[in-house]
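K.L.:
Protein sequence lines correspond, in order, to chains A and B.
Sequential numbering from 1 applies to the first sequence in this note's numbering.
Sequential numbering from 1 applies to the second sequence in this note's numbering.
Quick caveat, the hints were computed from the structure, so don't treat them as lab data.
Be aware that a few hints might be false.
[Said to hold, decoys possible] Ranges between beta-carbon positions, derived for each pair:
hint	chain 1	residue 1	chain 2	residue 2	range
1	A	63	B	359	16 to 26 Å
2	A	36	B	85	23 to 33 Å
3	B	85	A	61	17 to 27 Å
4	A	45	B	123	32 to 42 Å
[Said to hold, decoys possible] To spell it out: a stretch of chain A is covered by chain B in this simulated footprint if at least three of its residues, at any positions, have a beta carbon under 8 Å from a beta carbon of chain B; those stretches are:
hint	region
5	14-26
6	39-46
Source: prediction; values computed, not measured.
Note that the Cβ used here is the ideal one computed from N, Cα and C, for glycine as well.
Residue-level listing of the chains:
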Amino acid sequence: MKVQIGPERCQGHGRCYDLAPGLFGDDEEGYGRVLGDGTVPPGKEHDARLAALNCPEHAIDLIEEA
Amino acid sequence: MAADDRFTEDFRELREEEVIGTRSEVVSGPISDWATDFSHVEPEWAADPYPIQDDLRQRCPIAHTRRFGGAWLPVRYEDVAAIAYDTDRFSSLSIILSNFRPPRELAPIGGSPPISSDPPFHHDARKLLLPAFTKGEIAKQEPGTRRFCHSLIDTLGEQEVVDVARDYAQHIPVRVIADMLGFPPEDGPRFRVFVEDLLEGVNLPPDERIARVSRLFDYLLDQVHDHLADPREDLTSYLLSAELYGQKLSADHVVGAMALLLIAGIDTTWSAIGASLWHLAKTPGDRERLVAEPGLLPTAIEEFLRAYAPVTMARLVKEDMHWHGVDMKADDWILLSFPAANRDPVQFDRAGEVVIDRAVNRHAAFGLGIHRCLGSHLARMELRVALEVWLQRVPEFTLADPSAVTWAAGQIRGPRKLPLRVR
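Chain A with its partners taken away, still in its complex shape (with noise of 0.2 Å):
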């Protein structure tokens, strides 16, 4: 799995940053950003689920692998 943020539908409320600490962070304006290249550890499915479902803005997409 894989996380990846719309930069043109974030707004910075930093709820992804919040809940998953340990995929995303923010920028200096408060914006939030993809840790690494977004690969999901094992084990952090449901931190990237909660971050996305939790997006007021809908800003996140899940990549699931096959």
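Mind docking chain B on chain A? Use the hints.
P.N.:
This is chain B only, laid out in the frame that chain A set:
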């Protein structure tokens, strides 16, 4: 240092020109039908707006009123979100609904940038402020906020009944924002008056409202001169030296942004802290669970923000149009009720209940789209620290007298009298 020629007497005269706008007749008194004659400043709405919103959602769902010169009230999440995202058709030039519409010439800055600005100017004005309000910057305020919360509880002494709205919740955001702006902490009681003037005096005759609001700008101008004479590391000095498009900010921009930062963070967070404590005082099961499981508090806070969202915004319709089934006219107000959106059962399961372990909570308490509350990280920090300290120091409390609780009317809703029995 040389005088800053932005802040001379001419500036005051310029601000006075802003009072040329459109005034509407003040209408108050009982509501005949909430679908056709709503008013968010009437006592029935202040006391409990949720049944009214639920009823409108069933039968309307966009209510209208001829009060305030004409206004619309959408109550479905879908409509509130669509308006928040549609900055082409809905302007933020005035975000507090009253009987006075500012002249369109105030654009793009508006009275309190960047919340009163539309794109494209909005983006650049907001960018100036974002770095000061990131989660990391706000974390620097946390130790002082925590100490201050403890000191407030220390002063409560041995009283059996405490008005937690007046003696606890209200002081916390006032202290933090005064510190960030570099205003004297002892001026806190004056800020309370400014907040009342701006946010609760909305149905006063326009000239009286304008006179009251000018007291805030007189105060801010004093702070500007103090900071010009003695620059320091705070948001006021930052705004005074900030540049946009290669020039220092205009006087209107500096003072308007100061007004926004001072006012927007006070009533709102005060309301959120108060509403959360009100809920816990009347819901012993939730209170006991949070005392036993402090780790649940961040999740519970999101639920308090959803269920008791304190902030409703306003927009102005730009041009006549047919929109989602109604005929809107240019300069009609929109009352953009994030609280109503947050209780839409289409968007939320058990929308009318407070579920403190709700794991998925895509609420709109801090708005949606480009105007996401600039201070949301600050508000969340203050709310969390205020509740952590309260629950740690005063784990047992109940409503002393449910009928004595009063709620602010207008666009910011929260308890203004909240007597709790604490021992």
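K.L.:
Does each hint fit the structure? Answer for all of them.
P.N.:
Here is what the structure says about each hint:
For the hinted restraint 16 to 26 Å between residue 63(A) and residue 359(B), the CB-CB distance of approximately 22 Å keeps it satisfied. A beta carbon spacing of about 31 Å between residue 36(A) and residue 85(B) agrees with the range 23 to 33 Å that was offered as a hint. At roughly 18 Å, the beta carbons of residue 85(B) and residue 61(A) sit within the given window of 17 to 27 Å. Residue 45(A) and residue 123(B) have their C-beta atoms about 35 Å apart, which keeps the hinted 32 to 42 Å range intact.
Counting residues of the region 14-26 of chain A whose CB falls under 8 Å from any CB of chain B gives 4; the rule of at least 3 is met. Given a C-beta distance limit of less than 8 Å, the hint that chain B covers the region 39-46 of chain A is violated, as 0 residues qualify and 3 are needed.
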